[in-house]
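Keeping their order, the protein sequence lines are chains A and B. Here the first sequence stands for residues 101 to 259, numbered as in the numbering used here. Here the second sequence stands for residues 102 to 250, numbered as in the numbering used here.
These are computed hints drawn from the structure, not numbers from a lab. Keep in mind that this is a model prediction, so the values were computed, not measured. Just to be clear, a hint being listed does not mean it is correct.
[As the list claims (entries may be wrong)] One side of the interface only, derived from the structure: several residues of chain B facing chain A at Cβ under 10 Å:
hint	residue
1	K112
2	A120
3	G121
4	L140
5	P171
6	S240
7	T244
Idealized CB from N, CA, C, for every residue including glycine.
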Amino acid sequence: MHIVDILQQWSENNAFFIWLRESPSVFAYPMVFFIHTLGLIFTAGASVLVDARLLGAARQLPVAPFARYFTAIWIGITLTVLTGVVMLGSDIQTKLQNRLFLPKMVCVVVAIALTVALRSRIASTRPETFVSPLVRTLAAASLICWLGAIALGKFAAYF
Amino acid sequence: MNSWWVVPLCKTIHYFGIAGLAGIVGLLDLRIFGVAKGLPLRPLQRLMPWAVVSFLIAAVSGWVLLRIAPGNSLGPPVNIAFAAKMLFLVLIGLNDILYFATGLKRQVDTVGAGENTSASAKIVAGVSIALWIGVVYWSRVLTFLAGAI
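Just chain A, with the same shape it has in the complex (with noise of 0.2 Å):
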């Protein structure tokens, strides 16, 4: 049998899952996508603010102290991904057989990773407005990786 059959069967049976999608009670599925939004508008909002900055907005902003606001980022990360996990088990296959499942998650994965590289470079940028043209490029993949990670999100549900 394939994992996807086996994590679907192991879903369809699950208590807390049947109670996630079948509770008419707005502290179920609602209260999951409530958080998952949350999560997603902050971290999607910092990064693309963080990116604008990057390249070329608001250059009376010094660099360095942004390292600072990674941590709030990560916590909206967190917040996402846990709640996004939550919603992909509770219809592992119809989500999975989306076309655009892929593509948004390619997206988030390679915007997360950008995160990364970004912070301990602006970290350490000397003097505090520089941006150097490497750090510039990975905040223009990342403003396209946010953005494309909420439109494949939104054009997903209409697929």
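Dock chain B against the given chain A, drawing on the hints supplied.
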């Protein structure tokens, strides 16, 4: 007007606006709380017009979505969630007016890198964060009740 891609495109634009807004408002409110303290507040507050632009993008795309799918604002219990969302947005507007009218904005402008903001600025920022989280909450309840998840 009713091609399949119109609604997801509007939602994408709606979310791009929200991301821009959340990016600026989130960082500003959190910086007032003392997160990423190395950032001086004056250049950060200069981003406010861009937050307004982002809000307008979200507002216009949101209005278009309502026109396309009026079910998301009509009839109980959906309209209650929608009204709550709008009420929270109005409260955010009042909170922002308070921030400017009381001179707090100008006071916060003088807070440089590594410095702390006043308690009153922290209260306004806290109210702002709580209300914005509320807006996201009502939006999710709204789509759940409208069966649009």
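Hints versus structure:
About 4 Å separates the beta-carbon of B/K112 from the nearest beta-carbon of chain A, less than 10 Å, and the hint is met. This hint holds: B/A120 has a C-beta 4 Å from the nearest C-beta of chain A, less than the 10 Å allowed. At its closest, the beta carbon of B/G121 sits 7 Å from a beta carbon of chain A; the interface hint therefore holds under the 10 Å criterion. For B/L140, the suggested interface contact is upheld, since its CB lies about 5 Å from the closest CB of chain A, less than 10 Å.
Checking B/P171 against chain A: minimum C-beta separation of about 19 Å lies over 10 Å; hint violated. With its C-beta approaching chain A no nearer than about 7 Å, B/S240 sits inside the 10 Å limit, and its interface hint holds. Taking 10 Å as the C-beta cut-off, the interface hint given for B/T244 holds, the closest approach to chain A being about 8 Å.
Violation of the numbered hints given earlier is confined to hint 5; every other hint is satisfied by the structure.
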